[in-house]
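Chain B: place on chain A using the hints.
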Amino acid sequence: MKHEALLWLLILVPAATGALALLLRSVRTILGAMCAGVGISVALGWYVAGKVLMSGPVSAGAEWLYLDALSAYNLGVMLLIYGLSSAYASVYFRVELREGHLTLKQARLFASLWCGALAAMTLVFISNNLGIMWVGIEATTLLTGFLICVHVTGESLEAMWKYILICSVGVAFAFMGTLLVGASAHGLGLRAPEVLLWTRLQAHAGSLNPACLKAAFIFLLVGYGTKAGLAPMHNWLPDAHSQAPAPVSAIFSGFMLNTALYCVMRYVPIVEAGTGNTGWGLRLLTGFGLISILVAAAFILFQHDLKRLLAYHSVEHIGIITLGVGLGGLGTFAALFHTLNHSLCKTLAFFAAGRLGQMFGTHDMRKLAGVMRVAPVWGMGLFGSLLALIGVAPFALFMSELQMLKAAVDKGAILALVLFLFGAGVVFVGALGHAIPLAWGKAASTVQPARAGTLETLLVVVPLVFLLVLGLWMPGPLQTALNAAADVIRHVSPALAGSPGGIMP
Amino acid sequence: MTDLILVLVVLTNLKLLGSSRLGASIRVVAAQGVMLGLLPVLAHVHELSLHFAALAVGTVALKGVVFPWLLFRALREAEVTREVEPYVAYITSILIGLAALAASFWLGGRLPVSTVEPSSLLVPSALFSILAGLFLIVARKRAVNQVLGFLVLENGIYTFGVGIVAETPFLVELGVLLDAFVAVFVMGIAVYHINREFDHIEVDRLDRLKG
Numbered sequence: 001m002k003h004e005a006l007l008w009l010l011i012l013v014p015a016a017t018g019a020l021a022l023l024l025r026s027v028r029t030i031l032g033a034m035c036a037g038v039g040i041s042v043a044l045g046w047y048v049a050g051k052v053l054m055s056g057p058v059s060a061g062a063e064w065l066y067l068d069a070l071s072a073y074n075l076g077v078m079l080l081i082y083g084l085s086s087a088y089a090s091v092y093f094r095v096e097l098r099e100g101h102l103t104l105k106q107a108r109l110f111a112s113l114w115c116g117a118l119a120a121m122t123l124v125f126i127s128n129n130l131g132i133m134w135v136g137i138e139a140t141t142l143l144t145g146f147l148i149c150v151h152v153t154g155e156s157l158e159a160m161w162k163y164i165l166i167c168s169v170g171v172a173f174a175f176m177g178t179l180l181v182g183a184s185a186h187g188l189g190l191r192a193p194e195v196l197l198w199t200r201l202q203a204h205a206g207s208l209n210p211a212c213l214k215a216a217f218i219f220l221l222v223g224y225g226t227k228a229g230l231a232p233m234h235n236w237l238p239d240a241h242s243q244a245p246a247p248v249s250a251i252f253s254g255f256m257l258n259t260a261l262y263c264v265m266r267y268v269p270i271v272e273a274g275t276g277n278t279g280w281g282l283r284l285l286t287g288f289g290l291i292s293i294l295v296a297a298a299f300i301l302f303q304h305d306l307k308r309l310l311a312y313h314s315v316e317h318i319g320i321i322t323l324g325v326g327l328g329g330l331g332t333f334a335a336l337f338h339t340l341n342h343s344l345c346k347t348l349a350f351f352a353a354g355r356l357g358q359m360f361g362t363h364d365m366r367k368l369a370g371v372m373r374v375a376p377v378w379g380m381g382l383f384g385s386l387l388a389l390i391g392v393a394p395f396a397l398f399m400s401e402l403q404m405l406k407a408a409v410d411k412g413a414i415l416a417l418v419l420f421l422f423g424a425g426v427v428f429v430g431a432l433g434h435a436i437p438l439a440w441g442k443a444a445s446t447v448q449p450a451r452a453g454t455l456e457t458l459l460v461v462v463p464l465v466f467l468l469v470l471g472l473w474m475p476g477p478l479q480t481a482l483n484a485a486a487d488v489i490r491h492v493s494p495a496l497a498g499s500p501g502g503i504m505p
Numbered sequence: 001m002t003d004l005i006l007v008l009v010v011l012t013n014l015k016l017l018g019s020s021r022l023g024a025s026i027r028v029v030a031a032q033g034v035m036l037g038l039l040p041v042l043a044h045v046h047e048l049s050l051h052f053a054a055l056a057v058g059t060v061a062l063k064g065v066v067f068p069w070l071l072f073r074a075l076r077e078a079e080v081t082r083e084v085e086p087y088v089a090y091i092t093s094i095l096i097g098l099a100a101l102a103a104s105f106w107l108g109g110r111l112p113v114s115t116v117e118p119s120s121l122l123v124p125s126a127l128f129s130i131l132a133g134l135f136l137i138v139a140r141k142r143a144v145n146q147v148l149g150f151l152v153l154e155n156g157i158y159t160f161g162v163g164i165v166a167e168t169p170f171l172v173e174l175g176v177l178l179d180a181f182v183a184v185f186v187m188g189i190a191v192y193h194i195n196r197e198f199d200h201i202e203v204d205r206l207d208r209l210k211g
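From first to last, the protein sequence lines are chains A and B. Numbering-wise, the working numbering puts 169 at position 169 of the first sequence, and it's gapless, one number per residue. Numbering-wise, the working numbering puts 181 at position 181 of the second sequence, and it's gapless, one number per residue.
So here's chain B without its partners, still in its complex pose:
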């Protein structure tokens, strides 16, 4: 079951790299967040505690409902066309994604972590999410898309955390989740302001500060 989720996470990342619609991208990231929220529950199904259940509910609610809502709102208020507008074409993006996937598997095998992982796919798919997130931040013009890239990166680190440190204290996880929430909130407001000031949300025109 965990393997299935991890494969789906890898596939959603590839879908994001090839997606041309902002709305679709937000939904894909939401779906990825929900699946990852369920991951710790499935990984610890034999020792299910209140801790994991509460965490799963919080993660699913934030990543599956609140984040997409905030992003759709930013998108609606910005009233932009719904194209992604890439620097790097979609096909090239997917090809780069596949290369990153291969690199993740290679690196995942070499990384010196004695995992408590329930699946051998865990570390590679986490690394792939991190790389895909970074790529989305650099290679897309839309500010909303950069936020999505950040979320995918965050998801990757989350996957990693589930796999290798099963015993992260509850309070820490709560703090991390809260920070992610505020980050998306702040970025959403920033997108709105950028749109009002510049009449667009393309970050390639944020180029007045140099040197």
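Chain A extracted, bound-state conformation:
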């Protein structure tokens, strides 16, 4: 009973905060209220997620709300990113306020949409009904649209238009897929309120219509893949990421893409069981993952804008996660681990890019040089996160990519292995070529060095230390959580999942 109420609160708290932000009269109060609301959500969400990871799924509202290991893990990571980004947003917008770039109206708009987007993403994770999950994804698209153009300029409007239109069309395809999944359950005689419930479909996956399910999965993969930024449907992504204010880019890259990918992961066990465990769906995922890695690698070489560079890194890493799920086995575990690592790392990178952009007045990497001397803290944040992103040991991203290579070898997927290594190699060389002058090049003398406050230093140091520690040592509870979440995708029954014989990295 208690947990049921908590599931409802998880949506209500951010929604109420968003509404409250519209009524407040000073920018500082608005930012404070926003951080408080997000903070409460984080505390609640982590508590519920922890319960679920320790003692099994909870559901509420006649099974319409449901949290299992997979959604609890994703919810936990999402809230971590949201909490960090909210703290950063208050730092970032205080600077804008001081320089007179932020009006009260803009602050209200930002805070209410920011909290609204949190509510919508939470809805995606806690809904058991696949239709409502879709509604949540579409709602995030529409709510975050205006976050891109908090500052209305020609470029930001262009980015927002492309984002809304491309993602809405893509997500419409995902709805078509959801309908087809519903149609594939036609012979089962489920009652109307049950027909799209994930738990029911999962339980009856073997008796769904396979041809219908295959058509559905293609629509779902293209639809949610558009929102997740998988190549070749990624065209909106670099524009939106480069034009949005830095905290918004951090959320976009840090977890909105993963939210859409989570929806695909939800369907994987159903499609696998429904098509007779032939690995048909997994092969599709592997293909999309590899294409994304290679396309991103090609574009990373020729970027001049720092935030666009980071955006293409997102395409690459979403590709890596998709590849991991496609490989299955240890790959699924590595993919979920990589989700956490990439989100943390990319959030930090966008934080640094945003603050450095404010100091230099540009994101053009030809003018943005010598950041280590101008702003040691944020410079270290940017350089460290870029190194981690391209997979330098001993950061955690290196470890999860290594596990993925092992999964590919185990499975004998040599072609995937070679293409992945090739793509990662190109990214390594290309991004390092950008990163070194960025860190130690000759800075333009006009730029004023800025000192970072305690909060700013913490925002840099904590994620970096976290990534470093996770790279060297994996805590037991995290490993259990990852295994439990991976077992949902791999469709292992909960009785087996808890046993120590699960797959160890």
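Hint data in this document are derived by calculation from the structure and do not stem from the laboratory. On a predicted model such as this, the values are computed, not experimentally measured, just so you know. A virtual CB, placed ideally from N, CA and C, is assigned to each residue, including glycine. Careful: at least some of the hints might be erroneous.
[Said to hold, decoys possible] If you want the footprint, here are the derived chain B segments under chain A, 3+ residues with CB under 8 Å:
{"id": "1", "segment": "6-19"}
{"id": "2", "segment": "135-147"}
{"id": "3", "segment": "174-186"}
The following block gives chain B in isolation, referenced to the frame of chain A:
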């Protein structure tokens, strides 16, 4: 009766492909929305429940009244000429539309759905709406026209939903309708901002972001 509506939907799509006036296009899409709103009622006429009636009223009100109102307002505030300004000429558009229609019938026959459909025209006409909507989004310059294309695409998926999953839960349908409403609302505001910033609503000049 359902067949009649579906044929009309196909014809409205063709009309849209050949239409040169934005105002007329908005009205055609509104008419299409109203007809589709009535579709579930007619398809389930023997088991008419409050569920279908409420849904029909909601759909007709949104697609027939609210959406056109929002779009006309965006158009008025943007004060643009009322031409559609196509990338692809009207005659070519209609010819492509006919090809898409043929493809829809071919694909509709092959799609492995065990339909609860009341009509064999349902799946092909739904697919045709989806294709026509996509074409309108890609082949027209006006931002308003892209919104119309999105609505036609949405209508196609709606038709599909009526035909193959009769038992979609009410709450889900409500959420979907709400999302469509917010989408058009947001796009309407975006059109207004784009017009203020660029003095036009032609998306082909939204080309500053590249690479």
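**Request:** Given that the segment 174-186 of chain B was listed as covered by chain A, double-check it with a C-beta distance under 8 Å for 3 or more residues.
**Result:** holds (count 7)
**Item:** chain A covers the segment 6-19 of chain B, three or more CB atoms within 8 Å, holds or violated
**Value:** Not satisfied, violated; 0 residues make the cut.
**Message:** Taking beta carbons only, do three or more residues of the segment 135-147 of chain B come closer than 8 Å to chain A?
**Reply:** Holds, because 3 residues of the segment 135-147 of chain B bring their Cβ atoms closer than 8 Å to Cβ atoms of chain A.
The structure fails hint 1 only (numbered hints given earlier).
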